[in-house]
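Once you have looked at the hints, place chain B on chain A.
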Amino acid sequence: MSKYIPFRTKRDRISFFFDKKSIKYTSILIIVTLLLCLASTSLGQVLISPLEVIQILLGSGEGGNAYIVEILRLPRILIALFVGIGLAVSGAILQGMIRNPLASPDIIGITSGGSVAVVTFLTIFSNENDALTVSIHWQPVAAFIGAMVIGLIVYVLSLKSGTTPIRLVLIGIGLATLMDALTNLFMILGPIYRAADANLWLTGSVYGTNWDQVKVIIPAIVGLIILALLIARRINVQELGDELASGVGSHIQRDRLLFIVVSTALAGVSVSVAGGIGFVGLMAPHIARRLVGASYGALIPISALIGGILVVGADLIGRTLFLPIEVPAGVFTATIGAPYFIYLLFKK
Amino acid sequence: MSSLQTKDLTLAYGENTIINSLDIDIPEGEVTVLVGGNGCGKSTLLRSMARLLKPQEGGVILDGEAIAKLSTKDVAQKMAILPQSPVTPEGLTVLQLVKQGRYPYQSWFKQWSKEDEEAVESALEATNMQEFKERSVDSLSGGQRQRAWIAMTLAQDTDIILLDEPTTYLDMTYQIEILDLLFELNERDGRTVVMVLHDLNLAARYAHHIVALKDQSIYAQGRPEHVVTCQFVRDVFQMNCNVTSDPIFGTPMCIPHGRGRCILQQSG
Numbered sequence: 001m002s003k004y005i006p007f008r009t010k011r012d013r014i015s016f017f018f019d020k021k022s023i024k025y026t027s028i029l030i031i032v033t034l035l036l037c038l039a040s041t042s043l044g045q046v047l048i049s050p051l052e053v054i055q056i057l058l059g060s061g062e063g064g065n066a067y068i069v070e071i072l073r074l075p076r077i078l079i080a081l082f083v084g085i086g087l088a089v090s091g092a093i094l095q096g097m098i099r100n101p102l103a104s105p106d107i108i109g110i111t112s113g114g115s116v117a118v119v120t121f122l123t124i125f126s127n128e129n130d131a132l133t134v135s136i137h138w139q140p141v142a143a144f145i146g147a148m149v150i151g152l153i154v155y156v157l158s159l160k161s162g163t164t165p166i167r168l169v170l171i172g173i174g175l176a177t178l179m180d181a182l183t184n185l186f187m188i189l190g191p192i193y194r195a196a197d198a199n200l201w202l203t204g205s206v207y208g209t210n211w212d213q214v215k216v217i218i219p220a221i222v223g224l225i226i227l228a229l230l231i232a233r234r235i236n237v238q239e240l241g242d243e244l245a246s247g248v249g250s251h252i253q254r255d256r257l258l259f260i261v262v263s264t265a266l267a268g269v270s271v272s273v274a275g276g277i278g279f280v281g282l283m284a285p286h287i288a289r290r291l292v293g294a295s296y297g298a299l300i301p302i303s304a305l306i307g308g309i310l311v312v313g314a315d316l317i318g319r320t321l322f323l324p325i326e327v328p329a330g331v332f333t334a335t336i337g338a339p340y341f342i343y344l345l346f347k348k
Numbered sequence: 001m002s003s004l005q006t007k008d009l010t011l012a013y014g015e016n017t018i019i020n021s022l023d024i025d026i027p028e029g030e031v032t033v034l035v036g037g038n039g040c041g042k043s044t045l046l047r048s049m050a051r052l053l054k055p056q057e058g059g060v061i062l063d064g065e066a067i068a069k070l071s072t073k074d075v076a077q078k079m080a081i082l083p084q085s086p087v088t089p090e091g092l093t094v095l096q097l098v099k100q101g102r103y104p105y106q107s108w109f110k111q112w113s114k115e116d117e118e119a120v121e122s123a124l125e126a127t128n129m130q131e132f133k134e135r136s137v138d139s140l141s142g143g144q145r146q147r148a149w150i151a152m153t154l155a156q157d158t159d160i161i162l163l164d165e166p167t168t169y170l171d172m173t174y175q176i177e178i179l180d181l182l183f184e185l186n187e188r189d190g191r192t193v194v195m196v197l198h199d200l201n202l203a204a205r206y207a208h209h210i211v212a213l214k215d216q217s218i219y220a221q222g223r224p225e226h227v228v229t230c231q232f233v234r235d236v237f238q239m240n241c242n243v244t245s246d247p248i249f250g251t252p253m254c255i256p257h258g259r260g261r262c263i264l265q266q267s268g
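Those protein sequence lines, which keep their order, are chains A and B.
Mapped onto full-length UniProt numbering, the consecutive letters of the first sequence carry residue numbers 1 to 348.
Mapped onto full-length UniProt numbering, the consecutive letters of the second sequence carry residue numbers 1 to 268.
Isolated chain A, as found in the complex (with noise of 0.2 Å):
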């Protein structure tokens, strides 16, 4: 039997090709998303059976309980799942550009990028008295244009008659470490309880979001997400290398530019309300390619859905495990993430 189903219209105007491994994948994980989700939305302080839960997104419930889900849980789950998915797709675009599985958003100065923005904003807009003298709410602004601004700076100084996949990472990673030192001195320099701030933004956290956030961040992932599957086939021929590439005429340098914008803005956005949560963006396609294969049709949805899953999770854990104590999202993907790199160091 053929593991692969082809999708043909008439006179082959329009036509696909799917992988049956894949769509089982997808539907698992969908449906692990959705249970986990739920889940998330019942476990907290205050325990609400899944049951109340549901009656609740469908309208019909009141009081508290209305309350604690619909203000507080719903939007921050909300937005772990979708910070997870622009991660885990920025680092999946990364990986199949750079062909190495060691690429990700952090690890190429995107998220330094903006770290920095983050502490030269809060620094640069406190008074005398330590308080912000413009809304709190343009900072997740600054951490997306800092993030942006890196990405185009790597792309700009790695160029030199066209970028290779080696000069960027190289050039990410020396950004990244300058990104790095200059947010520590912002943070010596700056008024001490905006350092309290800004570590919490630089470990990454979806505490305190809102439904203002939510309704940015949702359409701006799914819009780049789908123009992340419109060029899958174009990451798939630049994985073969540069040589093959061009030679069934693909378009690498600019191909490579519209990876690095796509990429960047997916986890500019992604940073821009939810800081620094590390390794999603290496964890999450390095595990999608494992269950699926190399293919970036199928590697970019299942990169989201285990991207999602991380992040909410973390959250998670991070909201129960230590009650009454918040631990940052960013901690727990740290704590996979960082022996998960070493294991792929080793491994390589």
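No wet-lab data here; the hints were simulated from the structure.
Glycine included, every Cβ here is placed at the ideal spot set by N, Cα and C.
Okay, derived cross-link-like pairs now, DSS-like style, lysine-lysine, Cα gap no bigger than 25 Å in a straight line:
#1 A/K21 to B/K110
#2 B/K78 to B/K110
#3 A/K20 to A/K10
#4 B/K114 to A/K3
#5 B/K114 to B/K78
#6 B/K110 to A/K3
#7 A/K3 to A/K21
#8 B/K110 to A/K24
#9 B/K110 to A/K10
#10 B/K54 to B/K69
#11 B/K78 to B/K54
#12 A/K20 to B/K114
#13 B/K133 to A/K20
#14 A/K160 to B/K69
#15 B/K54 to B/K214
#16 B/K114 to A/K21
#17 B/K114 to B/K73
#18 A/K10 to B/K114
#19 A/K24 to B/K133
#20 A/K20 to A/K3
#21 B/K110 to A/K20
#22 B/K133 to B/K114
#23 A/K3 to A/K24
#24 B/K133 to A/K21
#25 B/K133 to A/K3
#26 B/K73 to B/K110
#27 B/K54 to A/K160
#28 B/K69 to B/K7
#29 B/K7 to B/K73
#30 B/K214 to B/K7
#31 B/K54 to B/K7
#32 B/K54 to B/K73
#33 B/K110 to B/K133
#34 B/K7 to B/K78
What follows is a set of in silico ranges between Cβ atoms, one per label pair, in the way DEER data are often shown:
#35 B/D138 to A/A181: 36 to 46 Å
#36 B/Q84 to A/I5: 30 to 40 Å
#37 A/I5 to B/E131: 17 to 27 Å
#38 B/N128 to A/K347: 30 to 40 Å
#39 A/L152 to B/Q84: 31 to 41 Å
#40 B/S122 to A/L344: 36 to 46 Å
Frame of chain A; chain B shown alone:
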């Protein structure tokens, strides 16, 4: 049929000129092998024919038009290239790899047409790779892997195939297997095959046309039986040798001088 030529082609890496003002006509429908010493620029020449390297001057002409002016997809529909020892992405299956040869015919809406499927199937059949279709490329043996890559270039359905040392790192059995396969593709479909080979004896055996490069330009070209002589080997490879006739094929065979255990009874 597509024709391939270079005209006044000059190639350089920085200040370093590799090929100087070269004119070559690749014979259509034949097997052409580029030979020459290390660093003579044969791979560079092949890379520039595949538009992977911008010429300093002159250009590569495909069907009468400079490839620099053609769209990259148009070129890809006429000419395929297999670089030397390409890297395989982890977990990629043979089918997924071969499918990518269809890239120049596809668009976002048209990713797996009937023609794509037929071309991929016939490429797998020609290379005898059907049974490995679902296997991941990195789990295959060297020879099978090289056949998978060749299948990908076949799926591209081009008149011209360029290969950079397709037999490197393969043991003898696979070297012959791969060269036989390429020879057969040339015979059966009349595809023009251009490749770089290190082994002069194999080159002489499979090539209709041999092009020897030396000092940034062509030293000699033609039928191997006319071109490959002691003087030729001495000039191109700086090596003394005897040239005899291959006992099976009758093509020129070069036996290098040098040192070694001599168990021949020297007469006289």
